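As a plain string of letters, each chain reads:
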Amino acid sequence: TQLLEQSPQFLSIQEGENLTVYCNSSSVFSSLQWYRQEPGEGPVLLVTVVTGGEVKKLKRLTFQFGDARKDSSLHITAAQPGDTGLYLCASRLTFGEGTQLTVNP
Amino acid sequence: KAGVTQTPRYLIKTRGQQVTLSCSPISGHRSVSWYQQTPGQGLQFLFEYFSETQRNKGNFPGRFSGRQFSNSRSEMNVSTLELGDSALYLCASSSGRGPISNTGELFFGEGSRLTVL
Numbered sequence: 026t027q028l029l030e031q032s033p034q035f036l037s038i039q040e041g042e043n044l045t046v047y048c049n050s051s052s053v054f055s056s057l058q059w060y061r062q063e064p065g066e067g068p069v070l071l072v073t074v075v076t077g078g079e080v081k082k083l084k085r086l087t088f089q090f091g092d093a094r095k096d097s098s099l100h101i102t103a104a105q106p107g108d109t110g111l112y113l114c115a116s117r118l119t120f121g122e123g124t125q126l127t128v129n130p
Numbered sequence: 047k048a049g050v051t052q053t054p055r056y057l058i059k060t061r062g063q064q065v066t067l068s069c070s071p072i073s074g075h076r077s078v079s080w081y082q083q084t085p086g087q088g089l090q091f092l093f094e095y096f097s098e099t100q101r102n103k104g105n106f107p108g109r110f111s112g113r114q115f116s117n118s119r120s121e122m123n124v125s126t127l128e129l130g131d132s133a134l135y136l137c138a139s140s141s142g143r144g145p146i147s148n149t150g151e152l153f154f155g156e157g158s159r160l161t162v163l
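Protein sequence lines correspond, in order, to chains V and U. Counting from 26, one number per residue, gives the positions in the first sequence under our numbering. Counting from 47, one number per residue, gives the positions in the second sequence under our numbering.
Just so you know, the hints here were simulated from the structure itself, not pulled from any lab data. Keep in mind that a hint or two might mislead.
DMTMM-like cross-link-like pairs, simulated, lysine to aspartate or glutamate; straight-line CA separation at most 20 angstroms [what the hints assert, rightly or not]:
no., chain 1, residue 1, chain 2, residue 2
1, V, K95, U, E151
2, V, K81, V, D108
3, V, K82, U, E151
4, V, K84, V, E42
5, V, K81, U, E151
Keep in mind it's a predicted model, so treat the numbers as computed, not measured.
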């Protein structure tokens, strides 16, 4: 079973700051998904990355897949309180433990 | 297009009881997987079904079981409940033509929050 390690586990920042969340594995990913989960709800798919070196943008969120397809990052520019939530990386049936992001107004 | 529907949303049981949770996938989705989410353990994979067949099973005791019906709806059952079974149980469906483990993208329901007293 592929293990996914996310860092940091917790992140509390002020509105307008930038942040980066990391997802790493010792194994090669065939594909990797990022999800966001808000309290009381199920995770919602944000993006899928497949190709090594791939970069995808979703408004202020930038997702990068490592060249060797063993790591990925999520960068948020000018964070807003609405970005608050649990960010999860996943590959197939395995999920990282998540990064709990809190953006304070 | 309706999303994944899970019932019930909340339930309270006592130790030793059993519980059945239901999941209706997005129309046309044939793959369903189940997860247990707790603050300490994160999202843990329980089982995956495709075309009424269990394709993968996570590392959970035999008290946890599931099944999928011909209309792709799925149920999971937990027997002889323990305090540690208190968790949010999430169901996800996939549009992939094969089992979820080959496609990756999942669409989750809002979950069933189980409290065991």
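Okay, the hints, checked on the actual structure:
1. The hinted pair formed by V/K95 and U/E151 meets the criterion: a straight-line CA distance of about 18 angstroms does not exceed 20 angstroms.
2. Distance hint between V/K81 and V/D108 is fulfilled; the C-alpha atoms sit about 17 angstroms from each other, no more than 20 angstroms.
3. Of the supplied pair hints, the one linking V/K82 and U/E151 holds, its CA atoms being roughly 17 angstroms apart against a limit of 20 angstroms.
4. Between V/K84 and V/E42 the CA atoms are separated by roughly 15 angstroms; this keeps the pair inside 20 angstroms, and the hint holds.
5. Between the alpha carbons of V/K81 and U/E151 the distance comes to roughly 16 angstroms, so the proposed pair stays at or under 20 angstroms and holds.
Taken one by one, the earlier hints all hold for this structure without exception.
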